[in-house]
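Student: Protein chains in written order, with UniProt numbering: chain A, 1 to 294; chain B, 1 to 274.
Any given hint could turn out to be false.
To be verified - With a straight-line Cα cutoff of 25 Å, these simulated DMTMM-like cross-link-like pairs (lysine to aspartate or glutamate) come out:
1) A:Lys35 / B:Glu217
2) B:Lys64 / B:Glu164
3) B:Lys163 / A:Glu10
4) A:Lys98 / A:Glu191
5) A:Lys153 / A:Asp131
6) A:Lys35 / A:Glu49
7) B:Lys182 / B:Glu264
8) B:Lys4 / A:Glu10
9) A:Lys35 / A:Asp51
10) B:Lys4 / A:Asp131
11) B:Lys182 / B:Glu164
12) B:Lys64 / B:Glu264
13) A:Lys60 / A:Glu49
14) B:Lys64 / B:Asp49
15) A:Lys98 / B:Glu264
16) B:Lys4 / A:Glu191
17) A:Lys35 / A:Asp64
18) B:Lys182 / B:Asp159
19) A:Lys147 / A:Asp131
20) B:Lys260 / B:Asp159
21) B:Lys182 / A:Glu10
In case anyone wonders, no lab produced these hints; they're calculated from the structure.
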Amino acid sequence: MSIANRRRRELRAAILLIAPFVIVFAVFFLYPTYKVVALSFTNAPLIGEGDWVGLANYTKLLSDKLFFTSLWNNLYFVLLTVIPTTVIALLIALTVSKLRGRMQALALTLFFLPYVLPVSVVTMIWSWMLDFQFGVLQPLIMAVTGKAVPVFKNPHWVMPMIAVVTIWWTNGFNVLLLIAGLRNISPDLYEAAALDGATPWQRFWRITWPLLWPVTALVLTLQLILQLKLFDQVYLLSNGGPFNQSYVVLMQMYREAFQLNHGGYASAIAMVLFLVIVIVSVLQFQLLRMGGRK
Amino acid sequence: MTAKHARNIAFSGIVLIAGAIWIFPLYWALTTSLRSENRIIANTGILLDELNFSAYAAVLSNSKLPMWYLNSVGTSLIITAIVLVIGMMCAYALSQLSFPGRRALYLLVVASFMVPVPALYVAQFILMSDMNLVNTWWGIILPQLIVPVVVIVYKQFFDAIPKEMREAVLLDGGGEFVLLFKLYLPLNWGITAALAIITFISAWNNFFWPFLVVTSEDMMTIPVGITQVNDNFGVAYARMMALALLAAAPVIIGYLLFQKRVTEAVMISAGVKG
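For reference, chain B alone in the conformation it holds in the complex:
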């Protein structure tokens, strides 16, 4: 028994060491960001041996990072809210109501998984330009509102709710909107939270579309903005890493806080695509 126990501990240790090696790039970014620039070049080993926050101070005061934060937070929140509300409403109709074209709509939503979104960017850019939305929040937001997976996931969860509950509300004179927001939504807060977090993270992380539609530095989101700093800083590794970590902080913290929800959402939405 003790031999087996010892083996288990050794095994756990090996896996955790592998995990630590896997996460080394993030550790190295942190260590670099906390050193002074001249020590980095002097090649001083891989241990975290200095806690110098000057790179962070420099980045926060010399770049447009605060503005990019605002753009990222604003657009990602709006995308998440709209995607969830319109997705939930559509899913409710698809799941609970009968109307002509219901099946066709459902198939269309499922089929849209196959379209590689970047292939549409040229046309979407032209559309944004026709609507005079290039270089605006709405230009960033509108094409990102297409998240069919949210509709499918909600539909599956709504399908699972017993019909009797619905009949009871209808007999009390409640309409469909009452049903959705007072019964179906409260029963699905868990999946709503999971979908919200994953929609937010993917909107926050989207690079290609904001990169195309934004042309001025003031309108950039975080992932696009931080790539512009290279030229301004010159050779400044600590500042680059401080910038990278500040850009990643919201999603890292969000993931660590809501880990269960994130993994739940990833699994469910991948299952839907299969």
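Excised from the complex, chain A in its bound form:
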């Protein structure tokens, strides 16, 4: 077979092989991406044509109080989840990785299991546990505050409790990554450190922490991006309330598009989220890399 012939055959095969993915990717991903950008410059309703309005949607966003409330709530939720879940996951990973064989597998199963549950199952279970009248956790809340609290209807409790539910649900993923990271640290290092008389505290800060940092950084980054996309738990637990205290950006996008029929404005909101996530992930990636180098 000549080389030219073979080349042509290879090209034909390549086209056939990539075609299905490329078509699906173009139609259901690239085109919608373009479409959101384009829509954000129009006053289109959800279904139907709109007119070009330039930056009007974006200037409207700047004076939209609810939008800033949403952004702030997203930020608040990130503060409530990202670092706490990483710390909790690290503690769990450090202890679970000390167990052997079956014990470790069992412990890992217990901590990971919530991660595979559908979000609405998670919210149903927690709504029941935190039920104002009969919730099994209300005695605990009463012990702290002296009275039962309808947590998802209370402006101070709502975001922290959604954060607790979210951490319970997604923490297993972080535990798993951190355990994998811990397994990659050579035991020789700890033996050498023990011979030198290093305390457990020193061993953690001098060996575990720096060597685990790339994985910790990955966990932090993935969590940050994930938690910025908050919608499901809020919609199901508090529906943005009370007094918009749990209203978040995707909630506003959903309301504008699907309840108020403002396709263009909702797209502008989506664009802001899009930009925030791109900027944040690039920035954090750089920052974390610098932290790791020290």
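With chain A held as given, fit chain B onto it using these hints.
Tutor: Structure of chain B alone, referenced to chain A:
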């Protein structure tokens, strides 16, 4: 030695107790679902002391749960099959063949990780509506077919296969499709299984998209459908928990059966994103 042994056992015990506390919400859901409604309100402690399956019977006969199961199983299976096949084919071309635009395609796939998918939902909904697919299985399925991580993972695994094996098949006159399905795929059943399970679980668990694209109760998937029941049941904690556990049963059982594969897939796909 025995002192150390005792300390180890104590340590394991503490970790397992912590694990048991962590999983308490699921235990509590189970306990609640197995009680009669009036005992739940009477506040009868946290021990599993009753095995009353009437809540399960009520849920199965009074809700559209069987229909939602069908929708969830159907759409999740189709999503998993298509995602794996088209992802694998594309990854094979990216890994083994040279063609113009190869690098650009690869970079595009990698860059797509950064796009928050929910930001596209408005446009995807409009697209589904233009295609008359709102409230259909295909409306649920099509936008969920974008799983770039599958392409990247397969590519990495294909990259690792020695070129000599490939040359041997080519000399025997086998084409690229023979190579992919007779050599590259069989060598990667492990990762295929892992990717299949995790793709299935995330399709099964997706809430936001099916919630948007489905408007009639008959077309709902499990995670969306179970949220509609609140209103029909009124105050019925045992039935709510029975419903939640029935909805979660397939993924819980799937995870327990294929635990190793699930953890493998989670680690590999997270590694790719880093």
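Student: Compare the structure with the hints numbered earlier in the document and write down the numbers of the violated ones, lowest to highest.
Tutor: 1, 2, 8, 10, 12 and 14
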